[in-house]
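*Asks:* The primary structure of each chain is shown beneath.
Number of protein chains: 2
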Amino acid sequence: MVRKPSRQVRVGLVQMSCTPRPDQNLKKALGQIAKAAKEGAQIVCLQELFRSLYFCQSEDDAQFALAEEIPGPTSKALAASAAKHKITLVGSIFERRAEGLYHNTAVVFNERGKMIGKYRKMHIPDDPRYYEKFFFTPGDAEPGFFAVPAGPACIGTLVCWDQWYPEAARLTALAGAQILFYPTAIGWHKEDGKEVRQAQADAWELIQRSHALSNGCFVCAVNRVGVEDGLTFWGGSFVADPFGRIIAKASHDREEILYADCDLGLIDWTRRHWPFLRDRRIDAYGGILKRYGQS
Amino acid sequence: MVRKPSRQVRVGLVQMSCTPRPDQNLKKALGQIAKAAKEGAQIVCLQELFRSLYFCQSEDDAQFALAEEIPGPTSKALAASAAKHKITLVGSIFERRAEGLYHNTAVVFNERGKMIGKYRKMHIPDDPRYYEKFFFTPGDAEPGFFAVPAGPACIGTLVCWDQWYPEAARLTALAGAQILFYPTAIGWHKEDGKEVRQAQADAWELIQRSHALSNGCFVCAVNRVGVEDGLTFWGGSFVADPFGRIIAKASHDREEILYADCDLGLIDWTRRHWPFLRDRRIDAYGGILKRYGQS
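First to last, the protein sequences are chains A and B.
To convert, take the position in the first sequence, counting from 1, and add 58; that gives the numbering used here.
To convert, take the position in the second sequence, counting from 1, and add 58; that gives the numbering used here.
Since the hints were derived computationally from the structure, they do not count as laboratory data.
Cβ coordinates follow ideal geometry from the N, Cα and C atoms, glycine included.
Among the clues, some could well be false.
What the hints assert, rightly or not - Partner residues are not named here, just some residues of chain A that face chain B (Cβ under 10 Å, in silico):
| id | residue |
| --- | --- |
| 1 | K85 |
| 2 | I182 |
| 3 | Y223 |
| 4 | E225 |
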C-alpha cells in the first residue's frame, strides 16, 4: 500500500468573533486573510456571514439593510484581497438578488480576483434564534451543488445547515470537489446545559467527518466564536481527511486561523482502498428524490 | 423541550465467534437468542453469515455448498426460534436463489415465526479477503431498500458494506424504519498495525452513527469476533440513538449479547428539534442517480 507522492495544499480557516459594525468585521477578515496568506495558505475560507453579527436571531426586517449585491462592496473587497495575496478565497455574503429576494451566498475568488463560484445556500434552517427562512430564499441554481477548479484543488462550497445533508456532500463530491468548505454560524443557546452543548458540538463534527469518509475527500468547517445576544457560537473549526479523521481543530472560544496541509494524493489512495464510489447502486436510489415513503 | 412518554424497545445484538462447523454455529446462535429473549430483548439481531466462518477470504467455489434456499434449514430454525421466544428476529443467510445465483440475505421473522422481511444485500464489496463479488449477486428487489413493521418497532435491515452508503440508510429511514440493523462481518488484516486498526474501527463506527444522526433514527450494528485465517473480526457491536450517540457498545474481542433500550419517543423528538427531514431539497438531488459528474 504505497502512496503516491504527496500533493499538499495548505488551507487557512478564519475563525473570528464579530461586532455590530460591518466595517470593523470586514477589516478584521481582510487582516486575517493577509495573515493566512503570509503563513502559506493557498485557500482561505471565512465563516458564514462574517461581515455582521448573526442577524437571524429575530425576524427583524431592518436587518435586510445588511444585504449587498454581488458584485458589491464586500465581494469587491474580497476579490481584491484574493488578487493581492494570490490565493483562492471563499467568502460568505448576505446577497440581495432583487427587491425582496435575498440569499445566503458563498463566493469563491481565484488568485487573480476573479469570481469563479457563487453558491446560494440550498438548505435553509428555521429554529428558535435561527430564523433563516425569514431572510433567505433557498438556492435555485441548476445544478444546485457544484465544484470549481480553484488553483491548487477542485473545491466545493456548502453553507452551514447544508452540513446535515449527506446528499449535498455527495453531489458536491461527485461534481469533482476534492475539498468541501462549510462556512458556518452555529452556537449554543444560553440556556443549554453542558451535556447538551457537548452533544450538539459532537454531532456537528460527526456529520461532517462522515461526509469526508463516505466521499473520500477533505472537509473544512469554519465556524464563528463569541457571544451574540442569546447564542454562544462554538467555534471548533476543523479539517477532516478523506478517512474522516480530524487533522486540525480550532478552539471553541478563541479567534484564530486554523491551518492544515491537505495531501490531495490521499483522495485517490483512500478511495482505492475503501472504494465506496465504485459500488454505489445508482439504479436503486430513486427514492432519494421523494419526501417520504413512496410519495 | 418536554419529551413524550417513553416507548422503550429492548434490542439484543448477538456478537459471537464461529467455527468451521455450521451446526455448531447455528446451535450457539439459537442458544444466544434464547438467552437474549429471557433477558427481555424484543428484537434480536444476529451477525452477518453467522452460520459459518466468513468464507469470502478466498475465491473458493467449494464454499457455495454452504448456501441454502429460503425457506431452508436455517431460516426454518430461525423462524421456530422467533415463534418459541415470541420475539422479532433478524438473521443472515447465504441464500441460494437458483443455480449459480446466490445472495447475502438478511431475513426478519415476527413473533409468530412468520418471515416478514427478506433483504438481499445491495452493495457488494470486493477487497483482498472480502471477495464478495465472487459469491453474491447484488440485490435486485423493487424497492431495494425497505422497512417492515416488526412487533414493537418498524425496522429496516441492511448488511455490512451497505453501512458505508448514506443513500441506503436514508432510503430505509424514509421507508419508515425507526431502527436500522446492520448484520456485519468486518475485521482487521493480520498485517494491519495498531494505528490502522483504530482508524478503521473508528471510521466504521463514525459512518453508522452519522446515519442515526442524519435520519433521526436508531442504528444497531452487529459484528462478529474471533480470528479466522487472515482476519481478526473486531466486534464492537453498538447501538446509536437518533442523535448519533452510542448508548451501548460491546467489546472488540469477546462473545456477548449487547442489550439496549431504545426509546422510540426520541425519534420524533429529535427530528422536531433538528428537523433535517423537513428541509431536504428533493428537487435538487437528481445527480445522486448518476455515477459521477454529469454522466
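*Asks:* Could you tell me which of the hints above the structure violates, numbers in ascending order?
*Replies:* Of the numbered hints, just 1 does not hold.
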